[in-house]
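> Each chain is listed here by its residues.
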Amino acid sequence: MADVYLFKLASQRTGYLSARQTLIAENVANANTPGYKAVDLKPFSAALQETAFSMAVTNPAHLTPAAQELDPPQVREDDAANATVSGNSVDIEGEMVKLGEVNRDFTEATNLKKIFHQMFMQALK
Amino acid sequence: MASNDSLNASLRIAGSGLETQSARLRIISENIANAQSTASVPGGDPYTRQTVSFEDTLDRASGAQLVRVKDIGRDSSPYRVEQDPGNPAADDKGFVKLPNVDVLVELADLREANRSYEANLQVAKQSSDLMNQTVGLLKDV
Numbered sequence: 001m002a003d004v005y006l007f008k009l010a011s012q013r014t015g016y017l018s019a020r021q022t023l024i025a026e027n028v029a030n031a032n033t034p035g036y037k038a039v040d041l042k043p044f045s046a047a048l049q050e051t052a053f054s055m056a057v058t059n060p061a062h063l064t065p066a067a068q069e070l071d072p073p074q075v076r077e078d079d080a081a082n083a084t085v086s087g088n089s090v091d092i093e094g095e096m097v098k099l100g101e102v103n104r105d106f107t108e109a110t111n112l113k114k115i116f117h118q119m120f121m122q123a124l125k
Numbered sequence: 001m002a003s004n005d006s007l008n009a010s011l012r013i014a015g016s017g018l019e020t021q022s023a024r025l026r027i028i029s030e031n032i033a034n035a036q037s038t039a040s041v042p043g044g045d046p047y048t049r050q051t052v053s054f055e056d057t058l059d060r061a062s063g064a065q066l067v068r069v070k071d072i073g074r075d076s077s078p079y080r081v082e083q084d085p086g087n088p089a090a091d092d093k094g095f096v097k098l099p100n101v102d103v104l105v106e107l108a109d110l111r112e113a114n115r116s117y118e119a120n121l122q123v124a125k126q127s128s129d130l131m132n133q134t135v136g137l138l139k140d141v
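Protein chains in written order, with the working numbering: chain S, 1 to 125; chain B, 1 to 141.
Be aware that a few hints might be false.
Claimed, not checked - What follows is a set of in silico ranges between Cβ atoms, one per label pair, in the way DEER data are often shown: (1) B:GLY94 / S:SER86: 49 to 55 Å; (2) S:HIS62 / B:SER22: 45 to 51 Å; (3) S:HIS62 / B:ARG115: 29 to 35 Å; (4) S:LEU112 / B:ARG115: 31 to 37 Å; (5) B:ARG115 / S:ASN111: 46 to 52 Å; (6) S:ASP105 / B:LYS139: 40 to 46 Å; (7) B:ASN132 / S:ILE115: 15 to 21 Å; (8) S:LEU48 / B:LYS139: 26 to 32 Å; (9) S:GLU93 / B:LYS139: 49 to 55 Å; (10) B:ASP5 / S:THR84: 29 to 35 Å; (11) B:ASP5 / S:GLN122: 28 to 34 Å; (12) B:SER128 / S:THR58: 47 to 53 Å.
Note that these hints are calculated values from the structure, not bench results. The C-beta atom is built at its ideal place from N, Cα and C for all residues, glycine as well.
Given these sequences and hints, build the entire structure.
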């Protein structure tokens, strides 16, 4: 049972989505703050790709890296193409779209967790 | 739990946004309410339009970028002057100074504040929604 990463992956996914939700909240709250630049995370697949590889253990003396965790969210500054005169680059409509995406993906991830759990329970019964 | 922490943080951030936008709505309503307020003494200065400005601020407890009111300033643009000798606030030449409030500008500002308030509300609603979904995993286990 040790090699089932389904729950870990789903947890990483919700962790990523929560972090993204926080950034959306920051952007929306600062939608009228002069000089504020909108921030976002890179896509989940890109964030996951970077941590997907681990070093092989070919000798008992090799140290295994500690639990493979996602990098802390990298904040990327959006292109300030639509910055207003006050230097603010938040696009409220765009943030609302991202909000919908996060909602959808989060629901998906939690439902997946629920289904994985049901699968385990089925195997046990 | 990390994901609930950041959902809590986003609730706090949305809360700070709601707070500042409502402070802004208060200032706008003060301006509109006083759009005709002249001085109480002849020749005196009337009500001066107030302005509000925001800044982002780091909340050390959660590491989140909150927003707060930076300062409430006074608009330094000139007052409107009208010839109205019968007005109690008229000076000895019959000129009355009226507030430098343009109701149209205030209404445009009102709309923007309203829009930002709604957006923040939407974020707050969704954040608690997502938390409920996580807690909901404990249902019918």
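> For each hint, tell me whether it holds in the structure or not.
Consistency of the hints with the structure:
no.: 1; hint: B:GLY94 / S:SER86: 49 to 55 Å; in the structure: 41 Å, violated
no.: 2; hint: S:HIS62 / B:SER22: 45 to 51 Å; in the structure: 59 Å, violated
no.: 3; hint: S:HIS62 / B:ARG115: 29 to 35 Å; in the structure: 57 Å, violated
no.: 4; hint: S:LEU112 / B:ARG115: 31 to 37 Å; in the structure: 35 Å, holds
no.: 5; hint: B:ARG115 / S:ASN111: 46 to 52 Å; in the structure: 32 Å, violated
no.: 6; hint: S:ASP105 / B:LYS139: 40 to 46 Å; in the structure: 21 Å, violated
no.: 7; hint: B:ASN132 / S:ILE115: 15 to 21 Å; in the structure: 19 Å, holds
no.: 8; hint: S:LEU48 / B:LYS139: 26 to 32 Å; in the structure: 29 Å, holds
no.: 9; hint: S:GLU93 / B:LYS139: 49 to 55 Å; in the structure: 34 Å, violated
no.: 10; hint: B:ASP5 / S:THR84: 29 to 35 Å; in the structure: 32 Å, holds
no.: 11; hint: B:ASP5 / S:GLN122: 28 to 34 Å; in the structure: 32 Å, holds
no.: 12; hint: B:SER128 / S:THR58: 47 to 53 Å; in the structure: 49 Å, holds
Hint compliance for this structure: hints 1, 2, 3, 5, 6 and 9 are broken, all remaining hints hold.
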